[in-house]
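Whole structure, please, built from the sequences with the hints as guidance.
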Amino acid sequence: MGAPRARRWKLLLPPFHSAKRKPPLPPPPAPVAVVPAPAPEKEGKEEEVMPEEFLCPISGAPMADPVILPPGRTYERACVDACAGLSLCPPGASAAAAAIPNDALRAAIRTWCARHGRAPPAPPSAADTREAVLLRAVPAAAARTTTVAAMVPARSSSNLSCSSRASAASTSSSGSSSEMATVEVVEVPRAKEVAELRVAEAEEEMEKEKEVAVLRVAEAEEEKEVAVLRVAEAEEEEVVMVVAKVVEKGDEDQVEAAMAVLLRETRESEERRRALCVPRLLAALRRVLHSKRHTPKAHADAAAALANLTNEPENRVPIVRAGAVTALVEVLSLGTASPEACEHAAGALFGLALDEENRAAIGVLGAVQPLLDLFTARDHAPRARRDAGMALYHLSLSAVNQSKLARAPAAAKNLLSIASDSTTAEPMPIRRLALMVVCNLAKCAEGRAALMDTGAVATVSAILSDNTHRSELEELCVAALFGMSRGNPRFRGLARAAGADRPLILISERAPAGAHKEMARKALRVVLGLGDDSEGDLPGFMNSERNVNGIAGSSVPVHRRRAASWASAPPPAPTPPNAHQWRSVCID
1 MGAPRARRWK LLLPPFHSAK RKPPLPPPPA PVAVVPAPAP EKEGKEEEVM
51 PEEFLCPISG APMADPVILP PGRTYERACV DACAGLSLCP PGASAAAAAI
101 PNDALRAAIR TWCARHGRAP PAPPSAADTR EAVLLRAVPA AAARTTTVAA
151 MVPARSSSNL SCSSRASAAS TSSSGSSSEM ATVEVVEVPR AKEVAELRVA
201 EAEEEMEKEK EVAVLRVAEA EEEKEVAVLR VAEAEEEEVV MVVAKVVEKG
251 DEDQVEAAMA VLLRETRESE ERRRALCVPR LLAALRRVLH SKRHTPKAHA
301 DAAAALANLT NEPENRVPIV RAGAVTALVE VLSLGTASPE ACEHAAGALF
351 GLALDEENRA AIGVLGAVQP LLDLFTARDH APRARRDAGM ALYHLSLSAV
401 NQSKLARAPA AAKNLLSIAS DSTTAEPMPI RRLALMVVCN LAKCAEGRAA
451 LMDTGAVATV SAILSDNTHR SELEELCVAA LFGMSRGNPR FRGLARAAGA
501 DRPLILISER APAGAHKEMA RKALRVVLGL GDDSEGDLPG FMNSERNVNG
551 IAGSSVPVHR RRAASWASAP PPAPTPPNAH QWRSVCID
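Numbered by the UniProt record's numbering, the letters in the sequence shown go through residues 1 to 588 in order.
Treat the hints with caution; some may be incorrect.
Here are the computed lysine to aspartate or glutamate pairs in the DMTMM-like style, where the Cα-Cα straight-line distance is at most 25 Å [unchecked claim]: (1) 245 <-> 256; (2) 245 <-> 207; (3) 292 <-> 248.
Estimated spans, in silico, between C-beta atoms of each pair [said to hold, decoys possible]: (4) 260 <-> 513: 50 to 56 Å; (5) 423 <-> 271: 42 to 48 Å; (6) 489 <-> 379: 38 to 44 Å; (7) 278 <-> 468: 49 to 55 Å; (8) 260 <-> 217: 40 to 46 Å; (9) 471 <-> 278: 44 to 50 Å; (10) 217 <-> 105: 46 to 52 Å; (11) 490 <-> 314: 45 to 51 Å; (12) 253 <-> 366: 31 to 37 Å; (13) 296 <-> 366: 19 to 25 Å; (14) 365 <-> 453: 37 to 43 Å.
These are computed hints drawn from the structure, not numbers from a lab. Backbone N, C-alpha and C define an ideal beta-carbon position, used for all residues, glycine too.
Below, the structure written as structure tokens:
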């Protein structure tokens, strides 16, 4: 027998299966909205995931233009701009810090995309970045949440996406690449709505702050204006009190100095003149003008101050009611007043007569005759005569003053004498003013009778037939003839005797259409005995045999006489500027 063989023992152990350990789950990120996406088709080779440092912390997408913000984190530039537009701070960075381009990271991202056959990342749109910023900047606990269940495809541990980070359990023994993802419940915040509400609230607060600031500025300006007005009122009250006290004391030198100061104050501004027109100051001026013991300079300065005050329309009625007209009339009536005081008194009455409410009162208080005397006196200054004539013209617009002027001794005669003076002694503005007053005087029956008694028809016809200044006075002469022809049977005979038909026929033919031509036609109808416009045709009469053979037994035809004497007549002058502009400058 041979030696015994050694026994072999066979140890039966349970089968050992090696299992891969599951990698540790990353910490849960901030809750984001998960949109279910369709499962990708299976490919032979899985795509490699982009590194996490290439993704923007706000949008989770590859960065096309990375920038660095303190304390060293990198973001997409569009997301940083969106945070600045929404007045929000990027997570982990300072909003007031300057963004520094990260060129090295941008080059690395482009290199990685080129190696893996991907297109370089493009900058996100403004709407996407705004939505991403709103979702990222508002905490999830501040918004309402909803539960969404979605089936998402899970990837292997090497293909986890930073945007989804879905955890899946791999339980395949054959190493299959397809796995079933678990159902994940994600809380989706209504962050966008909450953020928009907060932005709206912030905008409302900013608007309120702006309104409060504007109100404060307005209040400060109002307080400043009130302070300025108080200072101005104090100065005005001080001036009024000083002038009144000085006038009450009656010292001649002090009164003269006070009137000089007051005249200077009335030349400053419109507001100053309105503020100084108070009863106490007007009473002091009236007292100075009535007193005979004050110096001529004090009288002249007081009248000039009143004339300056009348430049403001609001002051005219109070001045008349304060009794200043009687003082001005007394200055014009007394022969002892200086020419300068008379000139300023006439200017003050002219300013007061511009108001329609004052005209009757000024006439009743006796201003017509002194103004007429000043206007017709040729030894006074042209400015004084001009102001007196303008005052007479405006006063004669009232029917009461027309009667007063018609009854004034030699009023019509003196006015016609000035209007017909073709020498260089009378300036043309004075002649025009005289004719303007005559036209107003011819509006009433008493005035027409007074004018015809003094030969006004012949005088005006002579002015109208004179070629020297006919163009400048033609309109006023036609208006005067038209006014005298209304309702007066004497006019026809006087006009025929004076030859007024000749210039009227020429004006009716050659004058441009307007009131001037119409008045000439109507006056001519009265001269020719045609009555009103309905009784005959004036153009037909002018071309008739009677017109050709002459009027009133004249041996020379009218149209031939007209051609001989009026052939080279210049066109009528334009209407002069408004007389109200004459009182727009204060008296120095």
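Range agreement (Cβ of residue 271 with Cβ of residue 423, hint 42 to 48 Å): 47 Å, holds
Verify the CB-CB distance for residue 365 and residue 453 against the hinted window 37 to 43 Å. Between residue 365 and residue 453, where Cβ atoms are some 28 Å apart, the hint is violated.
Assessment of proposed distance window 19 to 25 Å (beta carbons of residue 296, residue 366): Hint holds: Cβ distance 23 Å, inside 19 to 25 Å.
Falls inside 46 to 52 Å, the C-beta gap from residue 217 to residue 105? 49 Å, holds
May I ask you to test the hint 44 to 50 Å on the CB atoms belonging to residue 471 and residue 278? 49 Å Cβ-Cβ, so the 44 to 50 Å window holds.
Range hint 38 to 44 Å (beta carbons of residue 489 and residue 379) holds or violated: Holds, at about 40 Å.
Given a hint of 40 to 46 Å, does the C-beta separation of residue 260 and residue 217 actually sit inside it? This hint holds: roughly 42 Å between Cβ atoms.
Under the criterion that the straight-line Cα-Cα distance not exceed 25 Å, is the pair residue 245, residue 256 satisfied? 13 Å, holds
Is the hinted range of 31 to 37 Å satisfied by the C-beta distance from residue 253 to residue 366? 32 Å, holds
Given the range 45 to 51 Å, decide if the beta-carbon distance of residue 490 to residue 314 lies inside it. 46 Å, holds
Residue 278 paired with residue 468, Cβ distance criterion 49 to 55 Å: 51 Å, holds
Within 50 to 56 Å: is that where the Cβ-Cβ distance between residue 260 and residue 513 falls? Taking Cβ atoms as reference, residue 260 and residue 513 lie about 55 Å apart, which means the hint holds.
Going through the hint list in order, the structure does not satisfy hints 2 and 14.
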